[in-house]
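Take the sequences, apply the hints, and build the full model.
Just so you know, the protein sequences line up as chains A and B, in that order.
Take 1 as the starting number for the first sequence in the UniProt record's numbering and just add one per residue.
Take 1 as the starting number for the second sequence in the UniProt record's numbering and just add one per residue.
Please keep in mind that the hints were generated in silico from the structure rather than gathered at the bench.
Computed spacing ranges between beta-carbons, pair by pair:
{"no.": "1", "chain 1": "B", "residue 1": "Gln18", "chain 2": "A", "residue 2": "Ser417", "range": "21 to 29 Å"}
{"no.": "2", "chain 1": "B", "residue 1": "Ala4", "chain 2": "A", "residue 2": "Lys35", "range": "57 to 65 Å"}
{"no.": "3", "chain 1": "B", "residue 1": "Lys6", "chain 2": "A", "residue 2": "Ile202", "range": "46 to 54 Å"}
Cβ atoms here follow ideal geometry from the backbone N, Cα and C, with glycine treated the same way.
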Amino acid sequence: MDMVASLPAMKLDRLYANPFICQAILRSLPPLAKKYVLEMLYIDGPVSAKMLEEWVLADGSSKHRIALDRLIQLRIFTETVDRKKETSYRLNPTFQINLRKHLIDREVLPREPMPSNIVARLPSLEELEAYALGQWECFLLQLINSTQAEKLTNFSSSMMKVFQRGLLSQREKEASRLTESGFQFLLMDTNAQLWYIIREYISNSEERDIDPADLISFLLELSFHITGEAYNMNTLTEIQRHMIKDLADLGLIKLQQGRKESWFIPTKLATNLSVSLTDSSSRKQGFVVVETNFRLYAYSSSKLHCEILRLFSRIEYQLPNLFVGAITKESLYNAFENGITAEQIISFLQQNAHPRVAERIPSVPENVADQIRLWESDLNRVEMTPAHLYDEFPSRDVFEAACDFAREWCGLLWEDSKKMRMVLIYQDLPEDPTGRFHDFKQFVESNFDVFKWIGLLIILAQGSCILLAMALRALGQNHGSNYYSDDEYPPARLPLINHNLQPPSFVVGDPHFPSKNDAWNVRIHSQT
Amino acid sequence: MVNATKGLFISCDIPMAQFIINLNASLPALQKFIIHVIDSTHLFVQPHVSEMIRSAISDFRDQNSYEKPN
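What follows is the structure, encoded as structure tokens:
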């Protein structure tokens, strides 16, 4: 429903013109928000915020806030602030009218199920369910690029790339590998996976010039159809016909063709779309038994289940209807390296527990669950933080003050008051140039003004010494003082000065010699 | 004046701390990386050794594992 909330205002109003969408959105609201909408349904004027708050007990105020935020986000409530600075809320008029109509009239779908004399052979509900699951698994297998997918779906490769965007990492020469979110996607339950794929599909629809509002409205409408009933294809608009083919590949719809007409049959996956995500949908049959000796028995013939179980367990045998594996430390380390967490593995095993063990509490034996968590924490035994160590504080007061300062900024990792040392978290300079460290340095340096002046004095003295030395050197040349006794060319000192007065023709001849070293320049030329 | 030394602050359990100290002792004097042993579970080391410590720990862990040959 976040997708719906992110649509712009005009499109949202158009969406609310359809009573089914209003009902689907109502179902998806948190319980308190549902209550508010129903109470305000027949109130035409605005209701002040204070009255709304009176409906809630004191300890429910956070839920009240959440419900109100959600309603405003979906533009169901409009907030107005009048001159007395009081806020009041009003229900969105389109939404209100449509929901009222929906309550009063019987729900009438835009299309009726086709009469059974035209429809030749409808599949039974079990067949339909098997078909839907088969299609969905085929799609998932193709998604994770497994070579085990038998038949390919009709999705174009660009569409598959869109779906694979967040899940697979595409590298040119190697085979594409599942990313961390890809692994987590596989372990989610079917409803969450379906919504993820549909979200990607809808956000991609804009690139294909299909209005996402139409897509969303068709999907939500579809969820109100009756599973197993056939609906005529010619009741669909052009856009919806395009969508139908893609949805058939996903397993939401089964297409059938008669002699003259063709029809579509929505499956359980489609009708589950609008089920409120806060309720738990009916659990499909689980298939995994986990024993206390770390063995895994999965009564399933599906290749997808086999792939998923191989992510974190070591396969021992595979029979046509049974998969036997063992959860070992090495197989779990493999899974952890791929980014799967212990909690995901445990919740996957619990959600898919075979009916025989599902009633047992806990459905996954405690020793197995605990061991999986222990093995995960074994990988994280050492924590490293980049930091700075400060020691040799001049006095205890400075140390205490610095400690308090660091504690305020939550940067103190460790301190030792006996030896006056402490460790602070290191923050990169771009993030904190005028922050903590600068303040800290200033705070310490303010006690050292005197030393600063002494330092400046020393530097000035050194500078003046250098100037004095250069001056003395220049003057001392004329006396011919023999300081550089180990210099090979002391007699050349006199001619050096004379040569320097010549026009620099030599220097021009050899421009790549540095002009500072005139002595060597002239020396070489006088030799040649 | 206060001295600031840049490094890595390590917090772990006691066996791992001993392992790291042992690793430090086995290196020649030029490559020793522990600046300060703070207490039995905390160390302060030079900043560039984090990868080396991690790979040493994972080698140590692999030596303790046995994979049944298939």
